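Start from the sequences, fold in the hints, and give me the full structure.
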Amino acid sequence: MTPTTTPTAPAPDRPPARSRPRRRWTGWGFLAPFMTVFALVFVAPILYSLYLSVYRDQLVGGTSFVGLENYRGALTDPVFWDSVSRVTLFLAVQVPIMLFLALLLALALDSGRLYGRDFFRISIFLPYAVPAVVATLMWGFMYGTRFGLVGNVNDLLGVTLPDPLAPGVILASIGNIVTWQFVGYNMLILYSALRTVPHNLYEAAEVDGAGQLRVIAAIKLPALRGALVIAAIFSVIGSFQLFNEPSILQSLAPNAITSGYTPNLYTYSLAFSGQQQNYAAAVAIIMGLLTMVIAYAVQLFGMRKAV
Amino acid sequence: MNNRASRAAAVGALCLALSACGSGDDTAPDVTAEDVATALEEGGEITVWAWEPTLEQVAEDFEEAHPGVTVDVENVGTGDEQYTALQNALSAGSGLPDVAHIEYFALGQFTIAGHLVDLAPLGAEELEGSYTPGPWNAVQGEEGAIHALPMDSGPIALFYNQDVFDELDVEIPTTWEEYVEAARELTEADPDVRIAADNGDAGTTTTGIWHAGGQPYSVEGEEVTIDFTDEGTARYTDSWQQLIDEDLLLPVTSWSDEWYQALGDGSVATLVTGAWMGLNLESGVPDGTGSWRVAPPPAWEEGDTSSAESGGSALAVPMGAENQALAYAFIEYANAGDGIRTRIDQGAFPATVADLESEEFLAIESEYFGGQQVNQVYADSAANVREGWAYLPYQAHANSLFNDTVGQAYVSDTTLAEGLADWQEVSARYGEDQGFTVDTGD
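Top line first, the protein sequences correspond to chains A and B.
Be aware that the first sequence starts at 1, since it is given in this note's numbering, and climbs by one per residue.
Be aware that the second sequence starts at 1001, since it is given in this note's numbering, and climbs by one per residue.
Don't read these hints as lab results, they were simulated from the structure.
None of these values were measured; they are calculated from a predicted model.
Glycine included, every Cβ here is placed at the ideal spot set by N, Cα and C.
Some hints here could point you the wrong way.
Some chain B residues near chain A, calculated using beta-carbon distances under 10 Å [unchecked claim]:
id : residue
1  : THR1084
2  : GLY1200
3  : ASP1201
4  : GLN1261
5  : ALA1262
6  : SER1267
7  : ASN1399
8  : SER1400
9  : PHE1402
10 : VAL1406
11 : GLY1407
12 : ALA1409
13 : VAL1411
14 : SER1412
15 : GLY1431
16 : THR1437
Here are some chain A residues the structure puts well away from chain B; computed CB gaps all over 12 Å [what the hints assert, rightly or not]:
id : residue
17 : PHE38
18 : LEU75
19 : VAL84
20 : LEU101
21 : SER111
22 : GLY288
23 : VAL298
Spelled out as structure tokens, the structure:
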């Protein structure tokens, strides 16, 4: 955007006024297939949610326009804020652990000193290919203290491990599932970023007598910054949208995972069991905005460091 | 109001312009018993949304008896899933089934909004006295309205594993006091055995309170009372709290794999629940064949035979259904006519007095229960159900908040009474949000 140069340039070869709109519409014509799909699957649902969120539908009294009432309700709803602080805690603990593990694995793969590199790469990535629902069911079974893996370990060693499905522990148990699932995915993002580092940098480092740690600190980590920011943003969004894992574990631990355990689960409970689609829409929109703000903050933070 | 009036005016204008407007639902003349007879002769097609497996055969028989009639039985999900689908279809005003399967506790959320056709003028009023009091009470509306016909019922009974009691030399409890005592003895004799599995279940708790004589809910139109501080409720919580405190309940969620395993391997000795559990034990716990027996529910006072209901469901006609007359004909066939026989043969537990009292039905000996005539026990229980119980008009949603509140009593220091107070609060808040006047007794 350099507006200072524009006033002089267009004057001489400005096309006849008549042809101008025509050219503009041609462009839209090419865009039309995309725009139609975009409008239908992206813009329309958001507009519809916005529309829903300013009404209220009651069992007694029917539908009425309530303006921003639902938003005011959501902003002062303790269940909603509890769920937000829960996913924020999850984000603050799980995402750094997962990204750190992914980073270590990516560096190990890239070091060229690993025997059976391709085997490691595929086996670490494999959990990502398991559908989240299946993975959670599997873990839920392992977490069982009666017939599951935890129960077996207890019986075998005569110990009492903490119940992974107890209210105070279950968030960590979910974090474990999510880490297991996504560490390989993030590793792949980081690993592919490492593969793009020009080889002559390493040769130069070697000539300068830099050790492996020095190479990591001076070459690999700076090269990874962009990829790390991307991975972090994906993880932030993923954490805020936490749904599958708690939703499935809920049937195993209904007292630990309440109906408003995560914002998405809360929205789901409101809309599908409480028939409060309007309020659910308001909660979803607030949550969407919150996620955007935090993802943007992560991006700004990442970029600022990059400069 | 203004908005609605202008919309009606617009529709009216449109009707004039088109000069051929079918009468809307609001103005449609009520369907009568005569229409039902005509509809059967003319034939037609109806859609039934139900998860009750025995209805498939009933539908086939019905089609055979009435040529020209087609019945599509669709399973759109069990319980809540179906209610969600139904609620969505009702809001959309299209895609409605002609007949819907609804549990008694969930009827309220549909009747309060006027979503169910009153079946009384279609012939249901003549069925008074055909059903046991519990189910019949559950389908009654105000001013003689009948919102559905009872399909089955769940009078409670004590299911117990005779082998476990024999092996550990513990008496079968007949009162709740003995039940708590038996719970202690069982676990003392074998630390792996618990008297019951309970991890916080709304149905179990509300049925327990009902049986103890509590009446936490009462509903009069749009006025709702929720009060978990009555004597009956306290009687229930005092006794159940002891089981929780002394770690005498297996913390396993009902219907989970672990639950079925525990029922099969003898680590859970009893179940107090609806008569339909008999069928579930047979199909879900084949290992228990010959071990399980059925007895009347433990009494709160010696000699007291009063009972309660757990679950049970009915068939209703949603407002706006296309073929209401034929829909009623089917419901009557299934729940008051020959369909009952078909369903009993497949193991269902009916709600009709005639069948519950028939010698043939009562004499059936259950192989699973060691040759016991279990229907006799169920039927006695059905006849003694405490009257006056009501569910909330939005019980399905209130139940979904149960584990958030009362469930905490099972995993923390919160007591059952405190949990119930929290449940009362969130249920009242939801009721007020939905436009009800809620009285919580303070």
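Right, here's what the structure says about each hint:
1. For THR1084/B, the shortest C-beta to C-beta distance to chain A is roughly 5 Å, which falls under 10 Å, so the interface hint holds.
2. Given hint, GLY1200/B at the interface with chain A, holds; its Cβ is 5 Å from that chain's nearest Cβ, closer than 10 Å.
3. Interface hint at ASP1201/B: satisfied, since its Cβ lies 8 Å from the closest Cβ of chain A, which is below the 10 Å cut-off.
4. Proximity of GLN1261/B to chain A holds as hinted, the smallest CB-CB distance being about 6 Å (cut-off 10 Å).
5. The restraint placing ALA1262/B at the interface with chain A holds, with a minimum CB-CB distance near 8 Å, inside the 10 Å limit.
6. The interface hint given for SER1267/B holds, since its Cβ lies 9 Å from the closest Cβ of chain A, which is under the 10 Å cut-off.
7. Look at ASN1399/B: its Cβ gets to within about 9 Å of chain A, closer than 10 Å, so that hint holds up.
8. Checking SER1400/B against chain A: minimum C-beta separation of about 4 Å stays under 10 Å; hint holds.
9. Below 10 Å, beta-carbon pairs count as interface contacts, and PHE1402/B has one with chain A at about 9 Å; its hint therefore holds.
10. The interface hint given for VAL1406/B holds, since its Cβ lies 9 Å from the closest Cβ of chain A, which is under the 10 Å cut-off.
11. Against a cut-off of 10 Å between C-beta atoms, the interface hint on GLY1407/B holds, since the closest Cβ of chain A lies about 4 Å away.
12. Look at ALA1409/B: its Cβ gets to within about 9 Å of chain A, closer than 10 Å, so that hint holds up.
13. Satisfaction of the interface hint for VAL1411/B is found here, the shortest Cβ-Cβ separation to chain A being roughly 5 Å, below the 10 Å cut-off.
14. Satisfaction of the interface hint for SER1412/B is found here, the shortest Cβ-Cβ separation to chain A being roughly 7 Å, below the 10 Å cut-off.
15. With its C-beta approaching chain A no nearer than about 9 Å, GLY1431/B sits inside the 10 Å limit, and its interface hint holds.
16. The beta carbon of THR1437/B comes within 9 Å of a beta carbon in chain A, closer than 10 Å, and the hint placing it at the interface holds.
17. For PHE38/A, the non-interface assignment is confirmed: its Cβ lies about 26 Å from the closest Cβ of chain B, beyond the 12 Å cut-off.
18. No beta-carbon of chain B is positioned within 12 Å of the beta-carbon of LEU75/A; the least distance is around 16 Å.
19. The Cβ of VAL84/A lies farther than 12 Å from every Cβ of chain B, with a closest approach of about 17 Å, so its non-interface assignment holds.
20. No Cβ of chain B comes within 12 Å of the Cβ of LEU101/A; the nearest lies about 31 Å off, and the non-interface call holds.
21. For SER111/A, the condition that its CB be more than 12 Å from all CB atoms of chain B holds, with the nearest at approximately 44 Å.
22. With a least beta-carbon separation of about 23 Å from chain B, GLY288/A lies farther than 12 Å from that chain, consistent with its non-interface assignment.
23. Every CB of chain B lies more than 12 Å from the CB of VAL298/A, the least distance being 32 Å, so the non-interface label holds.
Violated hints for the displayed structure: none, as all numbered hints are satisfied.
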